[in-house]
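Please work from the sequences and hints to get the whole structure.
Given next are the chains, with one letter for each unit.
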Amino acid sequence: MRGSAVYFDGLRPVPRHADVALVARGISLSVDDGPLFSWDYGSVRLEEDGSLPLRFHREESGSHTGEVLEINDPDLVMALKARCKSLGGSQKERSRMRMKIVGWSLAAVVSMVAVVLYGVPALATRLAPLVPWNTEVALGNAVEGEVLRQLSGEASKVCAATGDGPGKRALQTMVERLTRHAALPGALDVKVLDSSVQNAFTLPGGKIVFMRALIERAEGPDEVAGVLAHEMGHVAHRDAMRGIIHAGGISFLVGTLLGDFTGAGALVIGSKFLLGSRYSRENEAQADDFAIEVMTKAGGDVKALGSFLRRVARSPGERQMELVLSHPVTDDRVAAINARAPAGPRTPLLNAAEWRALKSICKDG
Amino acid sequence: MSATSTAGEGFVAAPLGIARPPPYYGPHDALATGTDLAPLVWRGQILTVVTLGLYRFWYKTDLRRWYWRNTVIGGTTLEYRGSAKELFVGFLFALAIMVPLYLVSAYVGLFLGENVAAVAQALFGAAFVFLVQYGAFRSRRYRLTRTVWRGIRFDQTGSAAMFALKSMGWMVLTLLSAGILFPLMRRALERHRVVNTRFGSASGAFDVRVAPLMKRWLLLVVPMVVLLGGGGIQAALAADGLSGSNEQIAAVAVAILMVVLGVLWPLLLWPAYRAAEFRLFTSGTSIGPVRFASSFQTRRLYGLFGKVIGLSVVAAIAVLLVLAALVPAVFTAFSAGAPSFGMILIPVVLYLSGFTLFAVLKELVFKQGFWRHAVETLGIENLAAVDGIIGSSVSPESATGEGLADALDFGGV
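One line per chain: the protein sequences are A and B, in this order.
Note that my numbering has the first sequence beginning at 5, numbered continuously upward.
Note that my numbering has the second sequence beginning at 10, numbered continuously upward.
Just so you know, these hints were derived from the structure itself, not from any lab.
A couple of the hints might just be wrong.
[Unchecked claim] Label-pair distances were calculated between CB atoms; the ranges are:
1) B:92 x A:111: 35 to 43 Å
2) B:136 x A:111: 31 to 39 Å
3) B:110 x A:314: 43 to 51 Å
4) B:325 x A:336: 40 to 48 Å
5) B:124 x A:188: 27 to 35 Å
6) B:171 x A:188: 39 to 47 Å
7) A:95 x B:187: 48 to 56 Å
8) B:170 x A:66: 28 to 36 Å
Owing to the predicted nature of the structure, the values given are computational and were not obtained by experimental measurement.
Note that beta-carbon positions come from the ideal geometry of N, C-alpha and C, so glycine has one too.
What follows is the structure, encoded as structure tokens:
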């Protein structure tokens with residue numbers, strides 16, 4: 005088999021005519037009618053198969069010599085391919101490689117998903133209690149600043165932030181009566197935000213935040229106390245810290261390890277939402293248990309928590325959605341609370357005057 | 010094509026003794042061939058999404074191979090010798106640099122108090138800007154050392170750190186000048202890139218006058234600054250004392266109009282500036298004895314932008330229609346209290362398909378269109394003189410810079 009090709013010597017960018025003959029041992033070449041030299045078939049490599057012209061390289065002890073043979077003759081290409089065993093670059097080889105990459109990537113994705121679903125939550129549960137309380141408080145301060153910045157406007161105003169008005173004293177009284185019976189990792193920091201959203205949440209470092217509208221909605225002090233005791237349960241179980249480690253771990257895994265190819269960001273948010281709600285359901289039950297215990301010991305009405313949550317959840321309007329989404333209210337949950345409520349008369353945690361003061365805490369100077 | 014095409018013809022007629030010149034040897038200085046990019050892009054983009062981005066190194070390499078292979082200069086196609094494995098290793102190196110930096114910056118931001126955090130965040134911001142530029146320069150070196158034409162490698166000299174410092178200095182100057190100095194920055198950085206470019210023994214040279222570019226830039230930036238600044242002042246004046254009178258409403262409307270125009274104007278003129286910049290920069294570039302010229306058409310760039318925007322709108326409408334068709338199903342699932350998995354899955358699938366569609370459009374319509382027109386309007390003068398260039402044995406650059414560029418999330422062909 006004979007033919008012609010373009011030869012580059014790798015020293016100068018000059019295309020030269022080469023007469024090519026495929027002989028027993030290899031390609032016999034004569035460049036610009038010069039002396040014959042040859043390429044072993046075993047040393048010939050093809051970078052990429054595809055449309056003509058094809059480029060063949062020569063390798064010597066594993067590295068490229070710089071020489072290139074460019075062949076545009078289909079018959080010659082076919083004959084050469086048949087003679088070279090370790091040519092590389094074939095479409096079949098590339099598609100096998102591709103399948104391998106996809107297969108391993110999918111395996112990596114599956115193990116990532118497993119880590120995200122089981123590994124990270126387990127890690128978060130183990131790590132959260134090990135975080136020093138001081139560190140959690142520092143983190144809580146940072147998170148609180150961020151939350152207040154995001155709320156902005158009226159909702160970011162802390163009611164009775166300074167001073168010692170009757171509302172604040174009433175809140176303090178309620179907190180003290182409950183904490184006396186609760187084993188907490190550190191001091192609480194309970195605040196009321198001047199917001200018309202009916203919600204309450206817990207941040208790391210024992211920070212419990214009530215929204216004004218939720219307190220206004222309550223029909224008695226024990227309804228607020230029930231929610232407070234529930235949030236204290238989150239503090240005791242360090243759920244906020246756990247949530248941060250959990251969310252941070254997922255972001256870190258997906259965002260950093262895989263590199264954000266723009267699609268990953270949405271996946272993180274989606275998975276956080278999905279996992280976040282799943283994650284909190286069992287924690288909600290544990291926080292309820294905590295609330296029942298503390299309320300029972302403090303002598304308050306345990307059932308108030310269940311009926312209050314149900315009332316807030318059933319009320320019309322979308323403002324309530326937030327509380328429902330973060331604290332899913334189910335009949336099971338309310339029934340569980342009621343079933344464990346002790347019989348007999350209960351004493352409200354605040355007297356009538358204190359309750360009035362708490363209700364109007366956001367009107368305090 | 011242009012007066013510069015003699016070099017290409019000269020090459021074809023050169024006494025090479027090629028009995029049967031391949032059909033792709035044409036009269037052009039540069040030629041863009043190949044029409045089969047679509048399957049590669051679809052497959053690459055979908056596999057990238059399916060593998061949560063891990064396939065992107067292989068996709069990027071396939072893309073480059075395609076573009077290089079289909080760029081014919083003086084009858085010889087470019088050759089890309091990079092491999093996806095190198096990119097992947099580069100990405101791992103970049104992780105080793107970025108992960109500690111992320112962790113330290115998160116730690117400082119959370120625990121060291123507001124004042125320290127503010128200073129530290131500024132420092133980290135500067136470090137990230139530095140790394141972006143550093144990565145971009147090294148990424149270019151990686152690509153050049155993997156680019157071979159007629160058996161000779163390209164290369165890039167110069168320090169990436171110097172480039173990063175230089176570009177940061179220019180960024181500060183440009184900001185201080187309210188953007189006026191932007192073309193000077195672009196020219197300085199392009200010069201830095203070009204004069205450090207090597208092809209064998211030949212070095213790049215760059216000679217571009219800034220005046221024609223500045224003229225176009227001022228046309229873009231001065232009305233923008235005037236409109237935005239004027240709109241701001243007008244809004245401040247109008248908001249002074251809320252009387253709700255008709256005059257005040259009219260004044261506010263004028264302020265809003267000025268701001269909207271101030272935003273639209275630069276967007277409208279950007280393609281014209283960009284096309285002119287591309288022409289001028291290309292025409293001011295030479296490598297050794299070879300000079301380049303570009304007659305890249307402004308209206309072609311407008312056409313490409315228009316096409317991508319138009320097709321994106323069509324794609325967005327299609328995705329929205331699918332969503333609308335699915336909404337009832339989603340709501341039933343939601344209200345029935347069914348597992349929220351489907352509720353999450355549907356938006357994720359929609360988002361990813363929208364993302365994939367847009368990425369495919371961008372590559373197939375915009376990037377391919379830009380490349381094709383850029384190559385077809387490229388004139389090459391004195392190409393025959395490359396015979397005097399001698400190949401240099403350069404040690405190939407590692408892909409760490411490319412990995413950094415990838416980790417810091419910005420692309421490059």
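Evaluated hints:
1. A C-beta distance of roughly 22 Å is found between residue 92 of chain B and residue 111 of chain A, which places it outside the suggested range of 35 to 43 Å.
2. For residue 136 of chain B and residue 111 of chain A, the hinted distance range of 31 to 39 Å is satisfied, since their beta carbons lie about 35 Å from each other.
3. For residue 110 of chain B and residue 314 of chain A, the hinted distance range of 43 to 51 Å is satisfied, since their beta carbons lie about 49 Å from each other.
4. At roughly 42 Å, the beta-carbon separation of residue 325 of chain B and residue 336 of chain A lies within the given 40 to 48 Å, and the hint holds.
5. Between residue 124 of chain B and residue 188 of chain A the beta carbon distance is about 31 Å. The supplied range of 27 to 35 Å therefore holds.
6. A hinted range of 39 to 47 Å for the beta carbons of residue 171 of chain B and residue 188 of chain A is inconsistent with their spacing of about 56 Å.
7. For the pair residue 95 of chain A and residue 187 of chain B, the supplied restraint of 48 to 56 Å holds, since their beta-carbon distance comes to about 55 Å.
8. For the hinted restraint 28 to 36 Å between residue 170 of chain B and residue 66 of chain A, the CB-CB distance of approximately 33 Å keeps it satisfied.
Comparing the model with each earlier hint shows violations of hints 1, 6; every other hint is respected.
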